[in-house]
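Colleague: So you can see what is in the structure, the chains are spelled out below.
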Amino acid sequence: MLNATILLQILWTSLATSSYYVLFAVAFALVLKVTRIFNFAQAAIMTVAFYSAFVTVQWLEWPAWAAFIVMMAITLAASFALERIGFEALRKRGVSVMFVFVFTFMVSEFVAYLAMLAFGTWPQTIFPTIFWPVTLVGNIAVSAWDLPAIGATIAMLALLFSFMRFTRMGQFMVGVADNPDLAELYGVNKRQIFLVAVLMAGALVAVGMFLYGTRAQVLPQTGLSLMLFAIAATIIGGIGNIAGAAIAAIILGVIQNSSILVIPSEWQGLLLYVFLFLAIVFFPNGLRLPRRRRRFATATRDIGGSKDASAAEGQV
Amino acid sequence: MSPRIWSVKGLTKAAAVVALLMASGAAASAQQAYRFGLAMPLTGSQALYGQDQVKAAQWAVDEINKAGGINGKKLEMIVLDTQADPQIGIQAVNRLISVEKVPAFITAWSGVVKAVAPIANDNKVVELSVGANSPDIATLGDYVYTTFPLADIDIRAVANYAATKMGKKKAAIVFINADTGTAAAEVYKKVFTAAGGQVVAYEAYDPKATDFTGQLLKVRAANPDMIHLQGLVSDTPQVIAQMRQLGLTQPVSSYSAAYNPKLVQQLGAAAEGVIATSLAPGVADSDKVKDYVARWVKEVGREPNGLPYTEYLYDAPYMVADIFKALDSKKLPPTGENFRKEMLAQGAFKLPLTGNTKLGADHTVVKPVYLMEVKGGKWTKKAVVGE
Numbered sequence: 001m002l003n004a005t006i007l008l009q010i011l012w013t014s015l016a017t018s019s020y021y022v023l024f025a026v027a028f029a030l031v032l033k034v035t036r037i038f039n040f041a042q043a044a045i046m047t048v049a050f051y052s053a054f055v056t057v058q059w060l061e062w063p064a065w066a067a068f069i070v071m072m073a074i075t076l077a078a079s080f081a082l083e084r085i086g087f088e089a090l091r092k093r094g095v096s097v098m099f100v101f102v103f104t105f106m107v108s109e110f111v112a113y114l115a116m117l118a119f120g121t122w123p124q125t126i127f128p129t130i131f132w133p134v135t136l137v138g139n140i141a142v143s144a145w146d147l148p149a150i151g152a153t154i155a156m157l158a159l160l161f162s163f164m165r166f167t168r169m170g171q172f173m174v175g176v177a178d179n180p181d182l183a184e185l186y187g188v189n190k191r192q193i194f195l196v197a198v199l200m201a202g203a204l205v206a207v208g209m210f211l212y213g214t215r216a217q218v219l220p221q222t223g224l225s226l227m228l229f230a231i232a233a234t235i236i237g238g239i240g241n242i243a244g245a246a247i248a249a250i251i252l253g254v255i256q257n258s259s260i261l262v263i264p265s266e267w268q269g270l271l272l273y274v275f276l277f278l279a280i281v282f283f284p285n286g287l288r289l290p291r292r293r294r295r296f297a298t299a300t301r302d303i304g305g306s307k308d309a310s311a312a313e314g315q316v
Numbered sequence: 001m002s003p004r005i006w007s008v009k010g011l012t013k014a015a016a017v018v019a020l021l022m023a024s025g026a027a028a029s030a031q032q033a034y035r036f037g038l039a040m041p042l043t044g045s046q047a048l049y050g051q052d053q054v055k056a057a058q059w060a061v062d063e064i065n066k067a068g069g070i071n072g073k074k075l076e077m078i079v080l081d082t083q084a085d086p087q088i089g090i091q092a093v094n095r096l097i098s099v100e101k102v103p104a105f106i107t108a109w110s111g112v113v114k115a116v117a118p119i120a121n122d123n124k125v126v127e128l129s130v131g132a133n134s135p136d137i138a139t140l141g142d143y144v145y146t147t148f149p150l151a152d153i154d155i156r157a158v159a160n161y162a163a164t165k166m167g168k169k170k171a172a173i174v175f176i177n178a179d180t181g182t183a184a185a186e187v188y189k190k191v192f193t194a195a196g197g198q199v200v201a202y203e204a205y206d207p208k209a210t211d212f213t214g215q216l217l218k219v220r221a222a223n224p225d226m227i228h229l230q231g232l233v234s235d236t237p238q239v240i241a242q243m244r245q246l247g248l249t250q251p252v253s254s255y256s257a258a259y260n261p262k263l264v265q266q267l268g269a270a271a272e273g274v275i276a277t278s279l280a281p282g283v284a285d286s287d288k289v290k291d292y293v294a295r296w297v298k299e300v301g302r303e304p305n306g307l308p309y310t311e312y313l314y315d316a317p318y319m320v321a322d323i324f325k326a327l328d329s330k331k332l333p334p335t336g337e338n339f340r341k342e343m344l345a346q347g348a349f350k351l352p353l354t355g356n357t358k359l360g361a362d363h364t365v366v367k368p369v370y371l372m373e374v375k376g377g378k379w380t381k382k383a384v385v386g387e
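Heads up: the protein sequence lines correspond to chains L and U, in order.
For what it's worth, the working numbering labels the leading residue of the first sequence as 1, then goes sequentially.
For what it's worth, the working numbering labels the leading residue of the second sequence as 1, then goes sequentially.
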């Protein structure tokens, strides 16, 4: 069964379809890193993103670019509300981590329920059609969806990483991720940073859902089921390691799809759980990227205590 | 000082009088009306089907009453919500039997049908399962009957048809790794091989998957001349889309999950040649069905969700009315026992949309399977199996 064409085809399609998984994983990892919140409410943001695009295209019949802008605006508004009205209120009250997690879970379930009431339970897509024309490159079928998907994902990741690397706010974000109270002593507005992180995650999720919803059907509870992959990739990639989450998402996606060649198809769904189990047992700290040397001085570098500095240095 | 009528004593007396009046009024009207129950998902994830089915049944009840009801008396349908959940179904049926005192009720969704069967049997109330297809419904007890064909008669029909009438020798089966998929895939394999064909690929996919490249490439390598897909509404279009993208041009058969107009819209030209099964006649088969669908579009603005199921639910009150009419003519009280006796005595019913329905002694019913195919961007009837 292992001939070059089949292998290349699987590799190509799984690479293309891992695009939205990467965006979801990175969004989750980003919020976890900066705010230390296990943001299960991301599923709610995903649901909001999808249905706002769906309504704009299928009910209002606006063109795709307008739908994208509307979706982005509404998703960012929802993320804003989640952070300012939700998380901040919980922070002020000093609630436990468990409480916040339960809260995020309830938000997602509630939004899924609202979506079901508003839109019914019939599966929907953003565009009326999900069939994308295909061109043959060599013997590989490349769908008209694939390249824009990969391109959009690379663009979003590039934006994210250059933001975190080259802008001041990005640096502050890394500092807040490491030690929010200490960063605040150095004049970093941690409230603002939390908001920026949640907003950026919202933007990533919006692009991800636009990609997903133009290729597959979505139900009100789809957001919740997609979260498992994002969480798995984040854990395997190492908590606090956004690049690790991205890489883990790609690798998991490719392995999950190529596994069909060596294991019976019924076992494919099990793979994700197997990887998660192995990661938690044998690699609790996840993948580790080699430490990069920083070129710019950061606020946190001067704190002293090599542990803090190196943590801020090496991980993005 | 408040007037005397507002004292607690005065109020209780007034309430008692009102209650008595209402009870006697209800008793009086109960004698005038024939009542049966309908337990359906009005809320929850299945509501999109449940509500349409209830609407169809309500239309039928209104039509029957307009045409004179049960020998002049009104036919009344009591609708309760089950959420397609066995627990809630039990509560609904208990209420129908103990409070509303109906001699018969209609319900659907295999889980609910099975859960409430003991209640129906114990209380000697007829349970009519309309829409559920689990094979063990035929063995649930003396008072449980179905008007909807059970089990996999649609899968058998399409597998047989592919092997015998379409002359297909090599079939590939792609199915969702869940109850619906695995059970039906087994049946297709059995029937297709028994009819002289060979199953060259047998691939499952995860319910959460959105990429089926691996499975479809295996199917492609096996070179079948027929592909059968057993998925759910939420993944069937994607699988077919990917099939066509990967160069699989073979005819694709599926079951009722594929039979909806949206599929054609979602797949465009890729939908050509897709075959789906339906257990009720389509618009092209019967004028009555055509008018029925036209009425939906006019009054509701769309076609019904799960058209075949709504047809069965439209017909069910007619069957109930026929039995009530007979009981009324014979001056027999409408108890569950009498209802059952009369139903079995009549045995065969001529129903408006789904046609002839004959209740078997083994608690099953035999109905034809309609094979529909997408031709020229529209669902057209390809064949009728088992008429």
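Hint data in this document are derived by calculation from the structure and do not stem from the laboratory.
Any given hint could turn out to be false.
[Said to hold, decoys possible] Under 8 Å between C-beta atoms, here's a sample of chain L residues computed to sit facing chain U: (1) Phe131; (2) Thr135; (3) Thr167; (4) Thr214; (5) Gly269.
[Claimed, not checked] Only some residues are given here: those of chain L computed to face chain U with a beta carbon under 10 Å: (6) Ser18; (7) Lys92; (8) Ser96; (9) Asn189; (10) Val218.
[Said to hold, decoys possible] Here are the simulated SDA-like pairs of lysine to any residue, each with C-alpha atoms no more than 25 Å apart in a straight line: (11) Lys218/U with Leu7/L; (12) Lys208/U with Glu61/L; (13) Lys218/U with Lys262/U; (14) Lys262/U with Glu61/L; (15) Lys262/U with Phe119/L.
Virtual Cβ for every residue (Gly too), placed ideally from N, Cα, C.
Colleague: Per the CB criterion, is threonine 167/L less than 8 Å away from chain U?
Modeller: violated (34 Å)
Colleague: Quick check on the hint: serine 18/L CB to chain U CB, less than 10 Å?
Modeller: Holds, because the Cβ-Cβ distance from serine 18/L to chain U comes to roughly 9 Å (cut-off 10 Å).
Colleague: Does lysine 262/U pair with phenylalanine 119/L here, judged by a C-alpha cut-off of 25 Å?
Modeller: Measuring from Cα to Cα gives roughly 16 Å; hence the hint holds.
Colleague: Lysine 262/U and glutamate 61/L: Cα distance at most 25 Å?
Modeller: holds (17 Å)
Colleague: Check the hint pairing lysine 208/U with glutamate 61/L against an upper bound of 25 Å on the C-alpha distance.
Modeller: violated (29 Å)
Colleague: May I ask you to test the interface hint for valine 218/L with respect to chain U, counting a Cβ-Cβ separation under 10 Å as satisfied?
Modeller: Interface hint status for valine 218/L: holds (9 Å vs cutoff 10 Å).
Colleague: Run the distance test for lysine 218/U versus lysine 262/U: straight-line Cα separation, threshold 25 Å.
Modeller: violated (28 Å)
Colleague: Please verify that hint: serine 96/L, Cβ, nearest Cβ of chain U, below 10 Å or not.
Modeller: violated (31 Å)
Colleague: Min Cβ distance, threonine 214/L to chain U: is it shorter than 8 Å?
Modeller: At about 11 Å, which exceeds the 8 Å cut-off, the nearest Cβ of chain U leaves the hint on threonine 214/L violated.
Colleague: Take the shortest C-beta to C-beta distance between lysine 92/L and chain U; is it under 10 Å?
Modeller: violated (36 Å)
Colleague: With a cut-off of 10 Å, does the beta carbon of asparagine 189/L approach a beta carbon of chain U closely enough for the hint to hold?
Modeller: Since the shortest Cβ distance to chain U is 40 Å, the answer is violated.
Colleague: Using 8 Å as the Cβ threshold, decide whether threonine 135/L counts as touching chain U.
Modeller: violated (10 Å)
The structure fails hints 2, 3, 4, 7, 8, 9, 12, 13 (numbered hints given earlier, in ascending order).
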